[in-house]
Amino acid sequence: MNQLQLKQLIEAALFAHPQPLSAEQLHQLLLSEGEASLTMVKGLLKELQTDYQERGIELVKVASGYRFQTRAELGQRLASLWQEKPQKYSQALLETLALIVYRQPITRGEIEQIRGVSVSSNIIKTLQERNWIKVVGHKEVPGRPQLYASTKEFLDDFNLSDLSELPDIDTLDEDDERTAETAINEREQ
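Per my numbering, numbering of the sequence shown is gapless, rising by one per residue and ending at 227.
By construction, these hints were calculated from the structure, which means they are not laboratory data. It should be emphasised that the depicted structure is a prediction, and the values quoted were computed from it without experimental measurement. Note that CB positions come from ideal geometry on N, CA and C, so glycine has one too. There could be a bad hint or two in this list.
Claimed, not checked - In silico lysine to aspartate or glutamate, EDC-like type, Cα no more than 16 Å apart, as pairs: (1) 45 with 62; (2) 190 with 203; (3) 45 with 85; (4) 99 with 191; (5) 177 with 148; (6) 126 with 92; (7) 84 with 133; (8) 80 with 111; (9) 190 with 206.
To be verified - Simulated restraints on C-beta separations: (10) 179 with 156: 16 to 22 Å; (11) 130 with 96: 46 to 52 Å; (12) 128 with 66: 26 to 32 Å; (13) 153 with 176: 42 to 48 Å; (14) 96 with 205: 48 to 54 Å; (15) 207 with 91: 27 to 33 Å; (16) 204 with 89: 26 to 32 Å; (17) 90 with 39: 35 to 41 Å; (18) 90 with 206: 28 to 34 Å; (19) 206 with 111: 22 to 28 Å; (20) 76 with 203: 22 to 28 Å; (21) 205 with 175: 38 to 44 Å; (22) 40 with 158: 54 to 60 Å.
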């Protein structure tokens with residue numbers, strides 16, 4: 039199989055698979071062909087990213103791997119293709135998510151102490167159903183409360199490769215129009 043055919047196979051795999059694929063997963067796929075090293079796969083992924091720079095879709099790297107997605111600037115124009123409205127999230131849910139993401143691992147009690155109000159079970163349930171948070175252990179204190187942390191799916195949904203790409207809390211501008219809710223809505227469109 040020549041390099042063009044390998045590139046086409048990678049492209050087809052990324053289009054066909056419903057979840058992002060890592061370079062390692064793509065390498066395993068091509069190993070059956072016996073012709074591609076991991077370095078070659080990464081090079082072909084870079085070529086594909088370049089090929090799609092001027093198109094309506096782009097190849098992006100997120101926490102779980104690579105995926106094709108529509109360009110963010112086209113989201114509003116394409117929104118009418120979907121009949122369902124994007125889910126609206128409450129301020130309490132977004133605050134809870136932010137606390138978990140920025141202070142992980144964190145207990146429910148610590149979240150309540152910071153927010154000054156109790157955290158609804160529905161908020162935790164919704165965040166777990168979206169697979170944005172998970173229980174990563176128990177704190178070694180009486181009652182052994184659960185410790186929450188973000189997941190790779192959270193990073194994927196927010197188009198992040200890792201937590202270091204999150205904006206620094208101290209430098210966020212209060213007039214910033216791009217809120218967590220607009221980021222969620224853009225991702226779901």
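### Message
Next pair to validate is residue 126 with residue 92; report whether the Cα-Cα distance is within 16 Å.
### Response
Violated: residue 126 and residue 92 sit about 32 Å apart, past 16 Å.
### Task
Using the beta carbons of residue 90 and residue 39, state whether their distance is inside 35 to 41 Å or not.
22 Å, violated
#### Entry: Agreement of residue 177 and residue 148 with the hint, judged by alpha carbon distance not exceeding 16 Å
Between residue 177 and residue 148 the Cα gap is close to 11 Å, so the pair holds against 16 Å.
### Message
If I claimed the Cβ atoms of residue 153 and residue 176 lie 42 to 48 Å apart, would that claim hold in this structure?
### Response
21 Å, violated
### Message
Holds or violated: residue 45 and residue 85, Cα atoms, limit 16 Å.
### Response
Holds, because 8 Å separates the two Cα atoms, which is no more than 16 Å.
### Task
Can you let me know if the beta-carbon spacing of residue 205 and residue 175 is within 38 to 44 Å?
Roughly 27 Å apart at Cβ, these two residues miss the hinted range, so it is violated.
#### Entry: residue 190 paired with residue 203 [C-alpha distance capped at 16 Å]
13 Å, holds
### Message
Quick check on a hinted range of 48 to 54 Å for residue 96 and residue 205, using CB atoms only.
### Response
21 Å, violated
### Message
Given the hint of 16 to 22 Å, is the C-beta distance from residue 179 to residue 156 inside that range or not?
### Response
18 Å, holds
### Query
Quick one, are residue 45 and residue 62 close enough, alpha carbons at most 16 Å?
15 Å, holds
### residue 204 paired with residue 89, Cβ distance criterion 26 to 32 Å
The hinted range 26 to 32 Å holds for residue 204 and residue 89, with Cβ atoms some 29 Å apart.
### Task
With 22 to 28 Å as the target window, see if residue 76 and residue 203 comply at their CB atoms.
23 Å, holds
When held up to the earlier numbered hints, the structure conflicts with 6, 7, 8, 9, 11, 12, 13, 14, 17, 21 and fits the remainder.
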